[in-house]
Structures are given as structure tokens and as C-alpha cells.
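**Q** My request is simple: use the sequences and hints to build the entire structure.
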Amino acid sequence: MLGSGDLPVYGTPGLIAFMEYGAKESLIPYLSSEETTVGISMEMKHLRASLVGAEVLLKVKITEVSGKKVKFHLLAFEKEHLLGEAHHERVLVNRQKFMDKLHNS
55 MLGSGDLPVY GTPGLIAFME YGAKESLIPY LSSEETTVGI SMEMKHLRAS LVGAEVLLKV
115 KITEVSGKKV KFHLLAFEKE HLLGEAHHER VLVNRQKFMD KLHNS
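For the sequence shown, our numbering gives the first residue as 55, with consecutive numbering after it.
These are computed hints drawn from the structure, not numbers from a lab. Keep in mind the model is a prediction, meaning the values are calculated, not measured. Built from N, CA and C at the ideal position, the CB exists for glycine as well. Any given hint could be a false lead.
[Unchecked claim] For each label pair, taking beta carbons as the anchor points, the in silico distance ranges come out as: (1) Val63 with Lys155: 36 to 42 Å; (2) Tyr75 with Leu156: 16 to 22 Å; (3) Leu61 with Val145: 33 to 39 Å; (4) Leu136 with Thr90: 36 to 42 Å; (5) Gln150 with Val106: 34 to 40 Å; (6) Phe152 with Pro62: 34 to 40 Å; (7) Glu134 with Ser87: 36 to 42 Å; (8) Val92 with Glu134: 15 to 21 Å; (9) Glu79 with Leu136: 32 to 38 Å; (10) Leu105 with Glu139: 16 to 22 Å; (11) Lys155 with Lys115: 16 to 22 Å; (12) Thr66 with Thr117: 33 to 39 Å.
**A** Next up, the structure:
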């Protein structure tokens with residue numbers, strides 16, 4: 055679990071990673087095996103503390119698709135409590151071409 059301090063709480067970096075993962079996973083049924091998405095922006099508000107190990111539910115809503123870009127509105131809850139809210143953007147890439155560019159730069 056990623057933390058950002060010295061208390062045993064669900065840190066902001068961990069919440070961001072969870073939200074990004076949820077957004078990515080929501081797109082998998084629509085992609086070929088050669089495709090994936092990468093995050094290009096995240097605007098997140100961490101609204102409430104939660105203990106490490108708490109069960110967190112993520113609600114993912116696609117708000118816009120424009121070419122290869124997909125925008126999301128994300129809400130993270132612990133029970134009925136809103137922990138965080140985010141606007142996130144991902145872009146569709148070819149897995150091999152993306153990695154080749156990194157290795158050859």
C-alpha cells in the first residue's frame with residue numbers, strides 16, 4: 055500500500071493508483087490484445103481519511119471519448135463515505151510501439 059506519511063492510513067498516492075487502475079480495467083473489454091491505455095492526467099481530491107486495509111469501492115464513469123482519448127469521472131467510497139473524487143484521462147496506445155519508443159529513446 056502506498057502511503058504519504060507515517061500514519062497507517064490509505065494515502066493519497068495509493069488512492070490515485072487505485073483510481074487509475076480501475077479506469078484502465080474498465081476499458082479492457084473494448085481493447086484488442088495489442089492495445090492498452092496509459093494515463094495522461096489525473097485531478098484528484100482526497101476528501102476523507104481511511105485506514106489501511108479498508109474495503110474501498112470505486113465507481114467509474116466514462117464522460118468523453120474523443121479519438122484515442124478517454125475521460126473519466128471517478129468516485130471512491132468506503133461504505134457510504136466518499137473518500138475521493140477524480141477526473142482522469144487516458145489515451146489508447148499500441149503496446150509494442152509504445153514500449154519500442156521507450157527502449158529506443
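**Q** Against this structure, judge whether each hint is valid.
**A** The hints, checked one at a time:
no.	hint	in the structure
1	Val63 with Lys155: 36 to 42 Å	38 Å, holds
2	Tyr75 with Leu156: 16 to 22 Å	20 Å, holds
3	Leu61 with Val145: 33 to 39 Å	35 Å, holds
4	Leu136 with Thr90: 36 to 42 Å	29 Å, violated
5	Gln150 with Val106: 34 to 40 Å	37 Å, holds
6	Phe152 with Pro62: 34 to 40 Å	36 Å, holds
7	Glu134 with Ser87: 36 to 42 Å	38 Å, holds
8	Val92 with Glu134: 15 to 21 Å	33 Å, violated
9	Glu79 with Leu136: 32 to 38 Å	21 Å, violated
10	Leu105 with Glu139: 16 to 22 Å	20 Å, holds
11	Lys155 with Lys115: 16 to 22 Å	31 Å, violated
12	Thr66 with Thr117: 33 to 39 Å	22 Å, violated
Violated hints for the displayed structure, listed by number in ascending order: 4, 8, 9, 11 and 12.
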